[in-house]
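Novice: So the chains spell out like this:
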Amino acid sequence: MSDAMVAEKPAEKTAKPVTILQALNQALADAMAEDDKIVVLGEDVADPEEGGVTGVTKGLSTRFGETRVRSTPISEQAIIGCAIGASLAGYKPVAEIMLMNFTTVAMDMIVNHAAKLRYMSGGQTNVPIVIRTMTGAGFSTGGQHADFLEAWFAHTAGIKVVIPSNSADAYGLMRSAIDDPDPVLFVENMPNYWTPYPAFDAGHRVPIGKANVVVGGSDITIVSYARMMNECQMALAALGEAGVSAEIIDLRTIAPWDQETVLASVAKTGRLLVVHEAVVPFGVGAEIAAVVQEKLFGKLKAPVARVGAPFNPVPFSKPLETAHVPSAAKIADAAIALVQGNH
Amino acid sequence: MSDAMVAEKPAEKTAKPVTILQALNQALADAMAEDDKIVVLGEDVADPEEGGVTGVTKGLSTRFGETRVRSTPISEQAIIGCAIGASLAGYKPVAEIMLMNFTTVAMDMIVNHAAKLRYMSGGQTNVPIVIRTMTGAGFSTGGQHADFLEAWFAHTAGIKVVIPSNSADAYGLMRSAIDDPDPVLFVENMPNYWTPYPAFDAGHRVPIGKANVVVGGSDITIVSYARMMNECQMALAALGEAGVSAEIIDLRTIAPWDQETVLASVAKTGRLLVVHEAVVPFGVGAEIAAVVQEKLFGKLKAPVARVGAPFNPVPFSKPLETAHVPSAAKIADAAIALVQGNH
Amino acid sequence: MLTNSHTPDAATQVEMFRRMALLKANDERSRKVISTGRLIMPYYSYRGQEVIPAALSVNLTDDDYLVTIYRGIHDMIAKGLPLKQLWAEIAGRIDGTCKGKGGPMHLTYPKKGIMVTTGVVGSSMPIANGLGWASQLSGDGRVAVATFGDGASNIGAFHESLNLASVWKLPVIFLCQNNRWGEHSAYAKTTPVARIADRAAAYGMAGIHVDGNDPIAMYGAAREAVERARAGEGPTLIEAMTFRHYGHVFGDADAYMDKAYKAEWVAKDPYPIFRAQLIADGAATEDQLAGFERDAEAQLDEAVDYALGSAFPGLEQLSSDVYGEAA
Amino acid sequence: MLTNSHTPDAATQVEMFRRMALLKANDERSRKVISTGRLIMPYYSYRGQEVIPAALSVNLTDDDYLVTIYRGIHDMIAKGLPLKQLWAEIAGRIDGTCKGKGGPMHLTYPKKGIMVTTGVVGSSMPIANGLGWASQLSGDGRVAVATFGDGASNIGAFHESLNLASVWKLPVIFLCQNNRWGEHSAYAKTTPVARIADRAAAYGMAGIHVDGNDPIAMYGAAREAVERARAGEGPTLIEAMTFRHYGHVFGDADAYMDKAYKAEWVAKDPYPIFRAQLIADGAATEDQLAGFERDAEAQLDEAVDYALGSAFPGLEQLSSDVYGEAA
Ligand SMILES: Cc1ncc(C[n+]2csc(CCOP(=O)(O)OP(=O)(O)O)c2C)c(N)n1
Ligand SMILES: Cc1ncc(C[n+]2csc(CCOP(=O)(O)OP(=O)(O)O)c2C)c(N)n1
Ligand SMILES: [Mg+2]
Ligand SMILES: [Mg+2]
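Chains as they are written, first to last, in this note's numbering: chain A, 1 to 343; chain B, 1001 to 1343; chain C, 2001 to 2327; chain D, 3001 to 3327.
FYI, nobody ran anything at the bench for these hints, they're computed from the structure.
Cβ coordinates follow ideal geometry from the N, Cα and C atoms, glycine included.
Some hints here could point you the wrong way.
Below, a list of computed lysine-lysine pairs in the BS3-like style, where the Cα atoms sit at most 30 Å apart [claimed, not checked]:
hint, chain 1, residue 1, chain 2, residue 2
1, A, Lys-318, A, Lys-295
2, A, Lys-58, C, Lys-2111
3, D, Lys-3169, C, Lys-2259
Some residues of chain D that are not near chain B, with every Cβ distance over 12 Å (derived) [unchecked claim]:
hint, residue
4, Glu-3028
5, Leu-3137
6, Asp-3198
7, Ala-3263
8, Gly-3309
9, Pro-3313
With the hints as extra help, turn the sequences into a complete structure.
Specialist: Shown next as structure tokens:
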């Protein structure tokens, strides 16, 4: 990733806030306006079908035509296969798999094909596709509609994984994902699509593989991503009350994740808490913990700790669903315990 | 898991060695003879189709009939769905997905359904199926036939994952997997199907969730599983020469893994190396490292280290394929470096 | 394409209507309870599709198996799902069928053969095959029904399932409720064949195309398929033509549909038509049918009260029922 | 079911034979080199299936796309895969098409439109659709061909792909090489329909059932499908009947087949039949055809020498080509 092309621009703080949904829609529209090789496909993505079930692709087919923005049958293998094939012929498809749980019906196309064709062809071909998918608990959708499976894809060589937590990053990561010469899984959070976040400059890029230090601090580093960034920031009040100064890092890219930024921060604070909505065991937090304990061996003041969902499917019942997802309180408690040595 | 039912019997060392292939075949035959609810399905599993491409199910349909041992079309979703449905009606299907890479076409059935039905039904139903699948580099099969994906399933609540490294464990784990009331992914290693290992008593069980301390030692703990256990044991010579006393643990079950045994060993040795054939990032080693660095914080003499495949698809070319898979030499080097403090 | 010669007798027709009355009232109550904010859940209204499960279920026993989908509460009530446990479940309460853990998309009630409800398009079918295989293995004569929508006929699981069921001659009924829309997509935009029932030929399977809003025709189709399955003569694909009146999910106003088209279909609501027909035929009196409707409301009053009066599951439920205990 | 009225002229027939001679010689050489231990790889012999790609490829240009499978080396050589790079690849050498990283199951050569070779059953089809979509978007008239086996027609990807190709009218040819066995399973044990071509009707697609061992008929089928695709009239499913002479994979002796059945099919080897026919028709002389065969052997001598003389990739290749550089 050359710095010149993807230099990060700070979000413009003065303009009217935009939602993640608007940011994604604008990123797609801006990219399509610049490059007619960019095409969009997925279930209900075109305007006669309302431009996506949540409206991320609204207006695109009206503006760019239904040949470039195409609603598909309910056929996830066909969707990803179609994206792969078109990319081999020079197009840059952005494919939607409506929910992350439905990537399960397209894993062969994603993992055995999209991720591997560059390598298996000895570099003769590549698969510059973006796979958009949404997920997240909070809407009482139960066990098959809200899983976070990013660790699976991060364990797969040949694909990248990004998960924005706000509108500027959603825009900037989408533009970088479309620019990227390899498949990028782009994970969107259903429950904060409609949250307004600070505006940003059109055209800006957030480089893939670069984390963002959102809040500076000295006692503990908290690494998180996606909607959990909101919870981490809400935990700041309790942390402040307890006299704990936390540095909060938004990972933004899960694969390849920004070891440099995370290690520099933990080298400074001596403590690390990783927070994600996915279940804890074998999740993204495990890899981060494994790398940090190795690279900073003997320099940590506390073990690397993880906060995530307990090891069960996402429950339907509201109190259980709420308890399933990490909260600001749980994050604050875990961070305070680490700093106070109660681990 | 009640101890009475699955008490582990030591392998019988005097009898003629048996291969893993024979052990699996015998486990299936013994279980089917005892319980007529056990049925087998998968591509080419019945005897008119040669009892499986490698012969694991050979003889079963001749003995138990083609209604209980049924070859299927090439339809992995249908295979797992069929196993799930039959299990809901009181049967105990053992389903074969020929190669682990082909689980990718059945992930919805495995992850969204088999693993979750007990939970989503509030315990009214359960899915006692065994999913057999084989994998492993070494046969020049290239990028789509040799992946180790156990970390994906270990990240999924509701399914268990076992991987035997020898014939006694293959038999004992298969019997336990069939006994188990929940779905068990049973991973077999193609490259050591035909290796003879010590014999065992018919009927013995290896409890799921119980690791095996194969070699005692005091300087470092090496945790591994599957065919990599052979490489670990071959590393003993070099370790001995370097004056390193290694304790080697065969994990056998990946989910739920035996934290108690691993932690007890590392508490004693102060050092841990995890070895697996899967790519390192976001692999099983990450979870083990994350737990161990937390539970034994301040008690480790070296960081937890990992040896696994580099982060690329499995290559075809022999020298690359060989270099891709962890070797005894690489394991010994890593262990010696940890003990000598060169990390 | 096969036709049928089965006609339900008057008593059966009245029983079908009774079940329809319960389904219709349950849908109306669900939408009302949700729109007044008393319950929060994704709700997939089946209003307009009541004939299909009513006609199917009178041909089944409690032992027969059902695997249904997110839009399947009508299928389940017709099959015998008790309203109190249903409502407690969709209210997320401990007294629900699934202790509140499953919710509306994963309702399960094995006592009445309701084995799986899935939220993944197409995934009812592979599992129904396994239930059918179990019947075949044990010889117990049970039939397994998978319900699904028109959109689901384009996904891989449909193909694999129908192929396997046919080659193994499984006692399975693949019941496609063709309401002409898959989410916001019209049938013709996703499906290049005039009739889904015609796809049965690709599997050497019997295929029935039927007006799923016609109770007599639908009864006949279901009857024929059930008899074929029980006789060990293999699976059937039924395409039952119908229409959903209230959008894909609660809150969706069908803006993507032509208004006149929708109005025409809503006007063909099978419920009042069948009701009038039964009275005209002398099969039932107005009082009798009104009695069913009053009874449905009373049952629903009781069920909603029961549900809202039931406790939420305690946090100890969060991570239980993930794995069982070994025997 | 459509029939065709395309007959190849004599020169085209001779060219088809020339390609067949190369394919047959390549297969024989492969088995020889493997059985003498000079190469180690999983090898899926296509001996007996040479007519199909020979007749297809003379109807394609270098720009047309091919997505094939593990049993697809015949498809690729006919499409123009150079033998030296092919052999270097299957020998795992750096001069192979894929630097030795892909091997026989993942041969790729975009210069001749050979875009993907997959080892996963059914997975050629979804990708071919995307190549066809690209042609449709750019209007460049390229045709995309997906090859696959009879067993693959039972997997979900087949269904989703044919459905999408038809509803989008993609310029794709789904070429099923029906050799009557999927690994060790006989067609009838897994597939409940007499002809795979009949499945085209389930997608409103043109389906052609053709004797894939008859060069003239196979040429006509391919020609018709290519013309339909180029004219923007959509996809075609071709079921080309054939037989593989040497087991599923090298080392498999077809023990699961009836011996007489196999012998009968081997006796119908299309290669000597077509050879004799060309001479009898006066389309070619014995000398000419023998010349092709000698030439094939000479090319193979050169290719094998080239391959075995090429270096293995260095270890720096192990983790390269996983990701590219951003532009
Ligand atoms: C594999 C998968 N893809 C997408 C979805 C999202 N989705 C839920 S319902 C639906 C439409 C299904 O339409 P149809 O099969 O006709 O059933 P209907 O809802 O009309 O009853 C879609 C696309 C899903 N649940 N599963
Ligand atoms: C999804 C998947 N399942 C199983 C396999 C293992 N497998 C490889 S080839 C094959 C048989 C395919 O038969 P067919 O499609 O008829 O092609 P043929 O080999 O006869 O050319 C099978 C089952 C696979 N490669 N992919
Ligand atoms: Mg529908
Ligand atoms: Mg075949």
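Novice: Each hint needs a verdict: does it hold in this structure or not?
Specialist: Going through the hints against the structure:
As the CA atoms of Lys-318 (chain A) and Lys-295 (chain A) are separated by approximately 41 Å, the hinted pair breaks the 30 Å bound. Distance hint between Lys-58 (chain A) and Lys-2111 (chain C) is unfulfilled; the C-alpha atoms sit about 45 Å from each other, more than 30 Å. As the CA atoms of Lys-3169 (chain D) and Lys-2259 (chain C) are separated by approximately 29 Å, the hinted pair is consistent with the 30 Å bound. Separation of Glu-3028 (chain D) from chain B is adequate, the least Cβ-Cβ distance of about 21 Å exceeding the 12 Å criterion.
Under the 12 Å C-beta cut-off, the non-interface status given to Leu-3137 (chain D) relative to chain B holds; the minimum distance is some 28 Å. Every C-beta of chain B lies more than 12 Å from that of Asp-3198 (chain D), the closest at about 16 Å, which supports listing it as non-interface. The Cβ of Ala-3263 (chain D) lies farther than 12 Å from every Cβ of chain B, with a closest approach of about 19 Å, so its non-interface assignment holds. Gly-3309 (chain D), annotated as away from the interface, keeps every beta carbon of chain B farther than 12 Å; the closest lies near 15 Å.
Under the 12 Å C-beta cut-off, the non-interface status given to Pro-3313 (chain D) relative to chain B is violated; the minimum distance is some 5 Å.
Consistency with the previously given hints fails for numbers 1, 2 and 9, ordered from lowest to highest.
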